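Quick mapping for you: the protein sequence lines, in order, are chains A and B. Take 0 as the starting number for the first sequence in numbering that gives the first Met the number 0 and just add one per residue. Take 0 as the starting number for the second sequence in numbering that gives the first Met the number 0 and just add one per residue.
Hints in this document: simulated from the structure, not taken from any laboratory. Given the structure is predicted, the values throughout are model-derived calculations rather than measurements. Hints should not be assumed to be uniformly reliable.
25 Å max Cα-Cα, derived DSS-like pairs, lysine-lysine [said to hold, decoys possible]:
{"no.": "1", "chain 1": "B", "residue 1": "K202", "chain 2": "B", "residue 2": "K332"}
{"no.": "2", "chain 1": "A", "residue 1": "K185", "chain 2": "B", "residue 2": "K93"}
{"no.": "3", "chain 1": "B", "residue 1": "K100", "chain 2": "A", "residue 2": "K185"}
{"no.": "4", "chain 1": "B", "residue 1": "K64", "chain 2": "B", "residue 2": "K6"}
{"no.": "5", "chain 1": "B", "residue 1": "K112", "chain 2": "A", "residue 2": "K185"}
{"no.": "6", "chain 1": "A", "residue 1": "K185", "chain 2": "B", "residue 2": "K332"}
{"no.": "7", "chain 1": "B", "residue 1": "K26", "chain 2": "B", "residue 2": "K183"}
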Amino acid sequence: MATQNTKTLARLMMAPSVIVLLVWMVVPLAMTLYYSFQNYNLLTPMNVSFAGFFNYQYFYTDPAFFQSIWNTLVLVLGVLAITVIGGTAIALLIDQPIFGQGIVRILVISPFFVMPPVAALIWKNMIMHPGYGVFADIAKFFGMQPIDWFAQYPLFSVIIIVAWQWLPFATLILLTALQSLDSEQKEAAEMDGANFINRFIYLTIPHLSRAVTVVILIQTIFLLGIYAEILVTTNGGPGYASTNLTFLIYRTARLGYDVGGGAAGGIIAVVLANIVAIFLMRAVGKNLDK
Amino acid sequence: MGSITLKNVQKTFGEAKVIPSVDLEIKDGEFVVFVGPSGSGKSTLLRLIAGLEDVTGGSITIDGKDVTEAAPAARGLAMVFQSYALYPHMSVRKNIAFPLKMAKMEQAKIDKKVEDAARVLNLTDYLERRPSQLSGGQRQRVAIGRAIVREPSAFLFDEPLSNLDAALRGTMRLEISDLHNQLKTTMIYVTHDQIEAMTMADKIVVLNRGNIEQVGSPMELYNTPRNLFVAGFIGSPRMNMITGAYAQSKGAATAGIRPEHLTLSKESGTWKGTVSVAEHLGADTFLHLDVEGIGQMTARAGGEFGARHGDTVYLTPDESRLHRFDDKGLAIKA
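Bound conformation, chain A alone:
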């Protein structure tokens, strides 16, 4: 099949898409790199000059920098914990044969179809609002002081909203994994004297490990860049309490009109994301090789 002829032809046919992809990736990266070394503020757009590492130093010494990295970490890990544990639980539940199974599954999966800003707005104004939100109503029903979620627990509120959005994804992947568990293995374990809990520990969890790895890898990629939910709910505040790295870049570049600083932040974010990716692949990627 792979004669010299077909190889050359194949390369030729693939070239346009490869080139487009490369340009799409390399040009923005190169521009970001370029701007990160420039003094470029939109308030004084005429005054552009080479800045050396000043932008990086500026971003790094920003007191919000380490807090935003910490917030990013808490956000990612919090959402991962909720979605993996909750997703497994829900997948176990909807794997049971019940009446109206199809509709239940569609309902469970539907949050994934709601756009992030819309979902965040609904949570903000209809569920977590201290005046007329559902949570406030529940608190009032029990005679308690309603919680002002975004003022008192800003990062936790964002975590809940994002987790709600990603729960269906985890559920879906884990459900398909559950369904691929060989029924004869379950029966064999049953005959071997394993009760429900033992079957879950020794059979289901090892079987799910690969799916959990996929969930963690994919979600981490998206969760590192969470932005819309923060913008429409807390706007990063109060103070920097719910600002993650992405949002700090937005603050620097768009609210501070500092293109150079924002670009430097972007490059730092890329480097950090790659470090996280390497660790992830080392830690959980092994699971995929089996």
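Given the coordinates of chain A, assemble chain B onto it according to the supplied hints.
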């Protein structure tokens, strides 16, 4: 100990009556084979005994104890599945040790039992491997190992050899028979392959549409099939069924004669036939013939009997081995 008694056992799935009613007595130490075509309810019957399905009616007794409602693990039975059902993420050692671990046995005792089982089954060199690194026959032995460490009162085999190639199937057949001779434990074995049934069983249970057609030793079933179904199912190639004038002359609606009980000649005989296909197996030759006045018949000839497509051959039945059946398909006693 491992005597199992089924009394009026019934099973329905929704509207479908899979097993109308079955009574069966299995004695301690017997090798019992459930055999039947697909859909005959043989696997369902095994799963009912294992406790993996609930009975709709009737009772199951093991060693005098009613276990009709008991959980699978409480019945003291071990099962070997068709797909082997090994735990893929555990090593062979952990697979075999799993039932003992679940029974909360001490680690030292578990180790000893696993090593003993591995020695019996020639698995000692593979104990640290994963199931995916083993061949089909080795996986089969691991599944058997997982069953024997529990020292069950009976082994249940659900078509255990159907995923193996023909040569390995022959070897494993011997190994399982050998294991039965060593352990002397009751074994119940489900298969659709009548050769496995004939070669391994002390007692064969022939099932058809959830009903027991006949229970008996392999030779009993071969020599005195109770009805047309058993006559057609046991024996390879199938028995020739002859209806019409010849059967009536013998006082039966259907007369059956096995291919090996026909004498072949090129000069003269009772029936005259034309060879349509000749299968040469070396030691034997199976001739598929068009016989005048009867139709299709199969006959076994010696390997040296030269016959080719289109040849004319004469057949003479051994009338002492003739099986006679009435119009309901039941055997007529001589």
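Here is what the structure says about each hint:
1. Distance check on the hinted pair: K202 of chain B and K332 of chain B sit about 22 Å apart at the alpha-carbon level, within 25 Å; holds.
2. For the hint linking K185 of chain A to K93 of chain B, the alpha-carbon distance of about 16 Å falls within 25 Å, and the restraint holds.
3. The hinted pair formed by K100 of chain B and K185 of chain A meets the criterion: a straight-line CA distance of about 16 Å does not exceed 25 Å.
4. Between K64 of chain B and K6 of chain B the alpha-carbon distance is near 13 Å, which keeps this suggested pair within the 25 Å criterion.
5. Proposed proximity of K112 of chain B and K185 of chain A is supported: the alpha carbons are some 23 Å apart, at most 25 Å.
6. Restraint check for K185 of chain A and K332 of chain B: the C-alpha separation of about 48 Å exceeds 25 Å, so the hint is violated.
7. Pair hint K26 of chain B plus K183 of chain B holds up; C-alpha atoms about 12 Å apart against a cutoff of 25 Å.
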